[in-house]
Every structure is written in structure tokens, then in C-alpha cells.
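The number in our numbering is simply the position in the sequence shown, starting from 1, with 3 added.
Hints may be right or wrong, so weigh each one.
[Said to hold, decoys possible] So the derived label-pair ranges between C-beta atoms look like this: (1) N974 / P325: 20 to 28 Å; (2) G376 / D508: 16 to 24 Å; (3) R636 / Q615: 18 to 26 Å; (4) K992 / G376: 42 to 50 Å.
[To be verified] The calculated lysine-lysine pairs, modelled on BS3-like cross-linking and capped at a C-alpha distance of 25 Å, are: (5) K362 / K405; (6) K275 / K300; (7) K362 / K497; (8) K395 / K405; (9) K874 / K895; (10) K639 / K599; (11) K926 / K992; (12) K313 / K293; (13) K802 / K778; (14) K497 / K568; (15) K276 / K293; (16) K916 / K992; (17) K300 / K362; (18) K526 / K484; (19) K313 / K276; (20) K512 / K497; (21) K300 / K264; (22) K976 / K874; (23) K847 / K874.
Hints in this document: simulated from the structure, not taken from any laboratory.
Being a predicted model, the structure only gives us computed values, none of them experimental.
Even for Gly, the Cβ is constructed at its ideal location relative to N, Cα and C.
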Amino acid sequence: MIAEPNTASNLPSQKENAVHDDTVPESAVQNGSCVRNGNLKTPREKRKVQNQCENIRRNSSSSRRASQLQSGEVVEAVTLFEVVNIGKRAMQSVVDDWIEAYKQDRNVALLDLINFFIQCSGCQGMVTAEMIQSLHKKDVMRKMTETFDEETGLQYKKFMVYPWILTVTWPVDMDNEDYPLIRTGPYWKKFKANFCEFIAVLVQQCQCSILYDSYLMNAIISLLTDLADSMVRAFRHTSTLAAMKLLTAIVSIHLNLDVNKHNAQRLYEVEKKRISGKRTNYRLDQLDRKRKEYEHKLLEIQNMMNAIFKGTFLNRYCDVIPEIRATCIEEFGSWIKTYPDAFLNDNYLKYIGWMLYDKQAEVRLKCLLGLQGIYSRRELVSRMDLFTSRFKDRIVSMPLDKDHEVAVQAMKLLMLMSQNCEDVLSTEDCETLYQFVYTTHRPLAVAAGEFLYKRLLSREGDEEVQPKGGGKFGASTDQLKRLIHFFLESELHKHVAYLIDSLWDWAGKFLKDWECMTTLLLKNAEEDGEALSDAHESALIEIILATVREAAEGHPPVGRGAAKKILSVKEKKIQLEDCTKITEHFIMVLPQLLAKYSTDAQKVANLLQIPQYYDLDVYSTGRLEKHLDALLRELKDIVAKHSDMSVLEASSRTYYILCSEEIAIYSQVDRARTQLIDELMGQLNQLLDGFWQKEEEFCTDAGEISQMHSALRRVAAFHNAHDLTKWNLYEKTLRLLVFEIEHGSLPVLMILPALQCTYFSLLWQLAAVLENPPKETLFALRRELRRFSQICMSFLQHKEKDVREKTFVILCDWLLILSHQDSNNSKEAVGLLDYPPSTSLQEKLLLFIQEHVFMEEEDESKDLTEEEERKDESCKLDDLHRKRSLLAAYCKLIVYNVIEMTAAAEIYKYYVKTYNYFGDIIKETLSKTRHNNKIQSAKTLILCLQQLFQTCAERQDSSSGVDLSSASFTNMKELARRFSLTFGWDQVKSRESVAMIHKEGIEFAFQGATGVDGRCLPPNLSFLLIIIEFSNKLLKPDKRLVYAYLQRYIAEPLPCRGDEWQPLIWYRKSLLANEDEESSVLSSSREWSPVGTSKTSSFKRKLSNGSLLETSQTEAASRAPDLQCASQLASASGKSRKRLKSQEMHLQEHLSFLCPERLRRRCCEDEIKTEGISEEAQAEDTAEDVDVDVVGADQVFLARVFQL
């Protein structure tokens, strides 16, 4: 509680004291205890006050109660703050009790309320009060200060709350930005809700009594206004929230008063007309007094609103703290919705418009939410014309906001504007917004889908529209046609799944109308002149496939959403119903569609993907086997007609799905599949017989080559999903490959499918190996595996690029499969079939990647037409896709340890140069390899940089070293910087890797140095400038360790007479940045914490002239540093004796890795000397500067790293 104002008898002394000391309060009260102070003139007295305040703060009952509340203990509430904080009582009863106390003694109750707001700010200091009547105006202004007393260490804030001047005193650590409103957890979230509820209920309960007494509200508004101007964030934030909630409650009171005033005015007018002939009337006088009373109250309420708005909102809506700005804008939006007659005008709306440009997403979000409340009410939109014209462009651009939630709410706001504002969005604006249905962020895409559906697809009166030819699909047909038209106009034909997913929540009804869609496809132009064009039919089939997939799978497409969502029971029920509906409909319709479009490869390939979503049991339960026969006939006919790989693979997959052994139709489908494969193999055998008879003549006949190509492609497509081993395909295709190696005359159209067939045949044989197969079978399979690998290695040098690339992909997959066989197989089988790539094979694979992926192709610049440019761009994209596939196949071998990790060094060289094309693949490879082995990955990175440095040095061939200003050296530094960024912000997690990079870099930099004393210039010294990029990733203790390791290679003093030594100087500075650490290297090496410690504290001590690599000197010359080192170490031990004792074993074990022999002896001597430290030294202040939390086990590891 706060003390009551001093009585009049004390006024003279108060005034006198106030003149002489403006910062010390007259009376101080904390939790009901009053402390009265006179003038404090001496430092001793001020220190006494400081100690008293600190003791009061430490022993504060409110602090104790807050901790008890969070721990769940039952605490009896004493103060108003504790009552609200606990939240056990109904807020209305709490407020009613306070009102009763106010009516009995308004000063005491008001001071209790003031203390409540101070405590809600997290302030545990003292609050004092003095009467304002005792002071002149000039003295009052002098007291409105916020100062800091350096001697007492306390902060003071003086402000006026009529009729007092209040002084809040708190410790400096109040600025640690930890106060109730920003604390996390359910407890403090509930506190904030209780705090806001208390203010609202307080105003509501006071509206009929003390709200208009010209005392309560004046004091509260004055308090909150002054606190909102404080430099302390806790005061400013809490008081701003309180003021905004207060104004929100007052606005509601104003609205009610306005309604009552109008009612009273209307009754007064009616009564006045009724008794116009009489002289007086009691009823009329009563209504007149009531009307004037309402007017008087409205005037007071308006004054309150203006005082809060001008005193708090106008100052805090642009506060530096985003939470305060967001609070202001959020409440401002509620004022407009609650009382638009007062706030819905351009003078107020401009503040929301300005804050749409705020840098913080939270503030922008509150603006959008407030505007949604306005634009959702059509009667308010007419007043928004000027605002809409001024800020429409900004709102239209906000779906591109970097914050996803802001973008989503901006799209929803635009949806409301489109519905309630006529012609506010232009056609260009709408077309821009439509394209957001293709975004990868699903909530934004769904919001854009709503905008697209309601704005373009669904129009009023669609349900009543009847088609010209009759039927029941009028509305759905029109919507489908509009959707198809939009899809074709957007020219994003590969993203139909994204479009359907965006519309699914809003247009699911007509998107599941597959009967309407298929009816539209099966229409004939003769029957209906409005039949779809070929492009529209292709688009509609893609839409059908996308809708079937969405309904059957129930989750967004790949790339939109991190993982498959878990369906609820209701969603699973809907999904099963949709699958049944899909199956029952398409079982009958799909054969008709396949028959109609059997010659169109793209349409057939899409239609053949629908059966994978069937519920296949419906065939038998519904007695629909005749439709299955029709589907199998169409499949067989399609395979015979087409050689397009997409169609053949879709057909093969359909047979695979239908041939499930668990379902009743298996025998029927298996019989049809066997018959089809017999026919395909018969055709292939006939063509192969003709080939072996003609050989060279066969290769010159284009017709026969085309037939052979089609036959091999059909067999390869089916061999991918079906085991064709019993048809002995392996021997036939292998013979073709051997023939090509020997003669080299086969066309590419025959080599590629033959290579695939051979590869699939071996995979099926490998999969057929059981747990205990016969050794003869294993040896035979092993022989064939080796044979196929040799064929692939030969084809890597084939004259045709397509053959080389196909062989490379197959060989990479082949090596990966052989090195990761199923662990369920017998160890003997795994050992026999294992095929680790040889060194020569690894070199060939790497050379292939360098030539086919990273080698730059000459770009022929010539004048091309628009159509030629489009084709050229398409070819470039296809070529890029092939290169990415090749690089990904090779990187998989590195990630899964099939080939040595050091091979990645050649890939990493192109990280910066080819970042736009292959950066994601290289970065993922780097991440995966680092996850597998941190140290080896770090060595690979430094190896990459070393190779580039050596290449640069060889090209320049300069005796003075590498030119630091050359483009190649600059590129190396940029590559090192990019490598450094891949370690992220967690320095503890990456400390071993970064330390290894520095160790390897230092060794490389001093490699080849001549001279015993290390004073000759190392040829690779400039390499230190490269590893400087990794210095900022070192922890401070690790910097000292790296610096100690560096000292092994250099002499003291440094031979830095020329610019050639500058790299060493710069590297040393990067290790000693922002700290005078060069003189504390010795102590830092001794402070390396042992195993088992969870935290390492760095002791900043001065060890003058300490060096880790001192040359042999006399004992007298070295004694001074020894003694100083011992004294400094003893001082540190006096501060933390226990920690140094726990380090002894660690130092003895690992210091040998860091220091020369003589320094080890010195360290042991110093450790012995520390045992004599007095108990008095142990009692010193133990507060130390902690650099960073590190794990002791990692430190041990790093010490071992630097031993190597």
C-alpha cells in the first residue's frame, strides 16, 4: 500500500525539504510499512537508503506471493494486485469491494489502485506521495522528472496524480525487460487477461456512481499518461495497455449514454408536444433534467476520451516497442467498430493506414484485423472511400508480405473489400491476386482460393441457370468452364494440383461432381455444339485427376505442407465415402474415356493414374467384373498403340495395382497381364532374331530400328514393376550391350532401353536372393554384377551423350543399392554381393561430373525469333534438369558413404559459382555429410579451399605469393564466407568442425616454411586470410586454444617488417578480437575446463609477456613471467577455488597437447602454488564474467584435436 498524503501540520517541513532535495521522497511506504526520510546529504546516508530499499525489495511480500502462486501454493490475497493476480474471485465482486472502500475513504482506495498499476508493471520498489497543494507551480514542474542516482543505484520517477506528486523508486535492474506482461506461460497469460478484465469491469461498475466525480478518472488518467511517458519499458507498456483498455471501456459507456440521450430527447419532444397548452408539467421538467444530465455526462466522457487519446495514444502508437504499437492499433480498431460515429472518419483512419507500413509484422497484422472488422460491415464501407483510394495499393501488395500470417489476413481483407466495395479492385488487381492460388504456403493459397471462387467461379444466380439442352449440370458446367478457362490463361499447367488444393475448402462440392466432368468429356460435337476443345479436354482431365487425388489422399500436394496431416475421424469417414464414390463412378466410365482418347498420349497417361485410388474390393462386391474386362482390353490396346514412356509406365503401374494378391480379381488380372507380356516378348524375340541375322543391315533400316525401340521400351516399362525373369530377358539384352561394346554400331534408340532392361533384370535377381541361397547362385549373381558394372564403366566413354548420362545415373544407383543391401539377408550373401567402387571408378565418376555438369557451354548469341527463343529457353531448362539429376545421383553416393567424402571437395568448389543452379543440392550434401561425420566434413571443406589456393598460386606463379587483390583470391574468400554461414548460429554445436578447420588451415599455411626459428616467410601464409572467415564461429575459449596452437609455428617477437606478414597479423587479430587476450594465452590454456563440467567461465586476467612458444632462454629471464603467471593464477583460484581444483586432472592429461615442455613444468608449479591461497581470499566476490556455456567433453575433444 501507499502512504496517505502528509497532514497539513507537516506542510512547512515538506516544502522546505522539497526545495533542497528534488529526488528523495518525503515519505516512503512498501507493503504497508512507512519509511520517512529527511534530507540525505552524505553518501553514507544515501547508501543507508539504498540498503534499506534493497532489503525491502528482497523481502517484499508481493515477490514471495508471486513465486508461491506460480508453484501452486494457496496464498491469502492482501493487496488489490494480489487479488487480481490470483484470479480466484469474480472480478465484479473485487471491483465492488474496492468501490465500497472508495466511498468510505477515497484517498486510501485511490492510492491502493495506484499501487496496483505500479505493481502490475513488475516494480518491486517503493512508491511515495506528497500533497501538491504544498508546492508552488514552479516546484511542481521541477518534480516532474525521471532521474538516476549513481551513488544509491536507484532510479526515481516523479509524476503528478492530482492531488499528489508520486515518486516511484526502483532498482536499476528494473530495466531487464522482465515484467508480467511479457512473461510467458499460462499463469502470466491469465494475469494479463485478469488485468484487462479488471479495468473493463471497474469502468462498468463505476458508470452509475463515482465515474463522474471529477476525482477518480482524473487521477487514473493522469497516472497512466505520466507512466506512459516513462523511459522504462515496463511502465510504458503496462500503462499503455491499461490506458487503451480504459478508453475501450469508456467508449462503450459513451455509446450507451448517447443512446440514452437520444431516447430522453425523443421522450422530451413527445411530452412537450402533448402538453403544449399547459404552463408547467412535472414530467416535462423531469425529462429535461434527465436530458441535461446525459449531456453533462457525455461531455465529461468526451473529455476523458480526448485526454487518453491525445495523452497516450498519439504518443505511443509510434512507440519504439512493437508490442506497444500493436496494442494501440488493436484497441483503436475496436473503438472504430464499437463507436463508428465518433472514430470512423479520415482524421482517425489515417493512423491505421500509416501503420500498414510498420516494420514489425505484429503491428501490420493488427492493422489488417482492425480493417477487416470495418470492411465486413457494408454500412461502414461508404465512409471509407478516401481511405480506400489512399491505401488500396498498399493493401493489394500485402499478400506478398514476408510474414505468412500478414499475407493471409491481407488476402482475407481484400476478399471483404471485393464483396462490399463495388469496383474497388481493378481487373489487373484481381488477376494479380488470383495467382496466389499457386503459392506454396497453404493458408495463403486457401485464402486466395476463396477470393478466386467467390469473385470468378461462383456467381449469383448460378444455381438457377438451366442449360440450353436441359439436364442437371447447368451450374456446375458453367463453373467448370470458367475454371478451365482460368487454368489455361494462367499458363501453369503443371500446377493443377496446387490450384485444386487451394479451391478444395470452398469449391469442394462442384469439384467432386465427377459425373458432370465425365459427362462433359463424353459429349460429342454432333450432339452439342458447345463441346470442349482439345485444350479444354486436356485441362479438364488434369483437373479430374487432381480432384480424385485430393479426395482420396486427403492431404495437400507435395511442396505445400511439411508432412501429411493426421485426419480426424470425420475426415477419414469423408475420405472413405469419396473413395467409394470415385470407384463406383470411374469403374464404369474410365473404359469409355480410354476408348475415346486412346490415341492421345497425354490424356491417356493422366486417365490411367485414376485406378490407383480405387477401392478394388468394389469390383467383386458390386459384381462389376465385366467393367474390369473392359478396362483390361483398353489397357492392352493402349500398350499396343503407344511407345511413349509416360503412357507405358502408367499402364505398367495400373497392372501392378490391379494385380494385388490380396483381392479377388487377382487371377483375372494376372491372366491378362501374362498374356500381354507373352505378346510383347514374342514381338521382341522376333525382332531380335531378325537383328542377329542381319546385324549391320538391321542398323541401317529406320523402320526396324523404330520397331525394336518400341518393343524394348514396352518391355522395360513393364520390367520396372513386374518380374519378367522367367522370360529370360537378361541374356537377350546383355547380348545387345556386349555387341555395342565390341562393334559400336547400335543406334541410341536401342541402347538406352536395352541398358534399362538389363539393369532391371539384375535388380529382380538381387531381390530374389533369400536368406540362405545356394553358393552357386550367389557366385553366379556376383559374376553378373561385376560384368554389368564393367559394361557401365565402358559406356561412360560412349560417343553419345544420352548414353553416357543414362549409364552414369544407372551406375550411381547400382553402386548405392549394392552397398546398402537388406540387413535381413545372410552375412555371406551380403559379403559376396558387396561391390565397393574402386579408386579408378571414383575418379571416373568425378571426372564425368566435372565434364557434364560444371563445364560451361558456349552460348551462341544470335538473333532469334520469339518462337525460337522460347524453344531455346525450353531446351536450356531441360538441360539444366538433366544436370541436376546427374549431380544429385553423384551426391547421394557421397552422402551414403559409397565413395569417400573427400570427393565432395571438388563439388564444393562450384558452390558460389553455380549457386543459382545447383546451390540447393550442394548445400544439402554439405548438411548431410556434416551430420554423418563432423570432423571429416570439416576436413573436406578445408581441403576444397586448399586445392583452390594451390591452383591460384600455380596460375600466378609469383615468388611473392598469391596476389591478394586478384579475382580468384576474392572468390576464395567469398566461398569460405559461404561455408562459414552453413554452420548457423549455434557455435557450441559446430565447435569441433570449426576448430578442425582452423587447425588444418594453420598447418597448411605454415607448410613448407624454412628456418628453425620460424622467421622465414611460409609460402602459403596468405591462406590465413581465407580461414579468417571462420574465426567468428569460434567460441572465446576456442579462440584462445587456436591462438595457442598458432603460437607453435611463429616466433616472438613477430617478424612483421613487411606487408608479406600482414595475413598473420590479421589472423591473430581475428582470434583476439574485442579483447586484450594476447597477454592471457597462457592462462586461457590452463582454464580449459575438464570432463564433467557443464559451464566454462573465462577469467580475464593479465599475464604480461606470456608466450606459448618461447625459445630457450636463461632461467633468470624466464623467472619473472613465471612468478607473474603464478600470482595471476592464484588470484583466479581465490575467486573460484573449487573450479580450479576440478581442472587439475584435466590439465595434466591434455595440457601436453597445447604447450611446450617448459610451459608444462611452469603450469604444474603454478598449480602447486595455488594450494597456499588463504581462506580470506576465498571469501572475495565470486561474480565473474562468463563468456559462454560450453560442454566439458567437447573441450577434451578439442584438446585432442590440436594434439594431432
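How the hints compare with the structure:
Restraint check, N974 to P325: a C-beta distance of roughly 40 Å breaks the suggested window 20 to 28 Å. Separation of G376 from D508 is about 23 Å and conforms to the stated range, judged on CB atoms against 16 to 24 Å. The hint said 18 to 26 Å for the Cβ distance between R636 and Q615, and at roughly 19 Å that hint holds. Hint check: K992 to G376, Cβ distance near 45 Å, so the stated range 42 to 50 Å holds.
Distance restraint check for K362 and K405: the Cα-Cα separation of roughly 11 Å lies within the 25 Å cut-off, and the hinted pair is therefore satisfied. Among the hinted pairs, K275 with K300 is consistent with the structure: their alpha-carbon atoms are about 23 Å apart, no more than 25 Å. The suggested pairing of K362 with K497 is violated, with an alpha-carbon distance near 36 Å, which exceeds 25 Å. As the CA atoms of K395 and K405 are separated by approximately 19 Å, the hinted pair is consistent with the 25 Å bound.
Distance check on the hinted pair: K874 and K895 sit about 32 Å apart at the alpha-carbon level, beyond 25 Å; violated. With a C-alpha separation of about 15 Å, the suggested pairing of K639 with K599 holds against the 25 Å cut-off. At most 25 Å may separate the alpha-carbon atoms for a hinted pair to count; K926 and K992 meet this at roughly 18 Å. Of the supplied pair hints, the one linking K313 and K293 is violated, its CA atoms being roughly 30 Å apart against a limit of 25 Å.
For the proposed pair K802 and K778, the alpha carbon gap of about 39 Å is over 25 Å, so the pair is violated. Our distance criterion of 25 Å between C-alpha atoms is met by K497 and K568, whose separation comes to about 23 Å. At most 25 Å may separate the alpha-carbon atoms for a hinted pair to count; K276 and K293 meet this at roughly 18 Å. Taken as a hint, the K916 and K992 pair is broken in the structure, with Cα atoms around 28 Å apart against an allowance of 25 Å.
Under the criterion of a C-alpha separation no larger than 25 Å, the hint pairing K300 with K362 is inconsistent with the structure, at around 40 Å. Distance hint between K526 and K484 is fulfilled; the C-alpha atoms sit about 14 Å from each other, no more than 25 Å. With a CA separation close to 42 Å, the supplied pair K313 and K276 exceeds the 25 Å bound. Simply put, K512 and K497 have alpha-carbon atoms about 23 Å apart, close enough for the 25 Å limit, and the pair holds.
Simply put, K300 and K264 have alpha-carbon atoms about 10 Å apart, close enough for the 25 Å limit, and the pair holds. Using a Cα cut-off of 25 Å, the hinted pair K976 and K874 is violated, with the two alpha carbons roughly 38 Å apart. With a C-alpha separation of about 33 Å, the suggested pairing of K847 with K874 is violated against the 25 Å cut-off.
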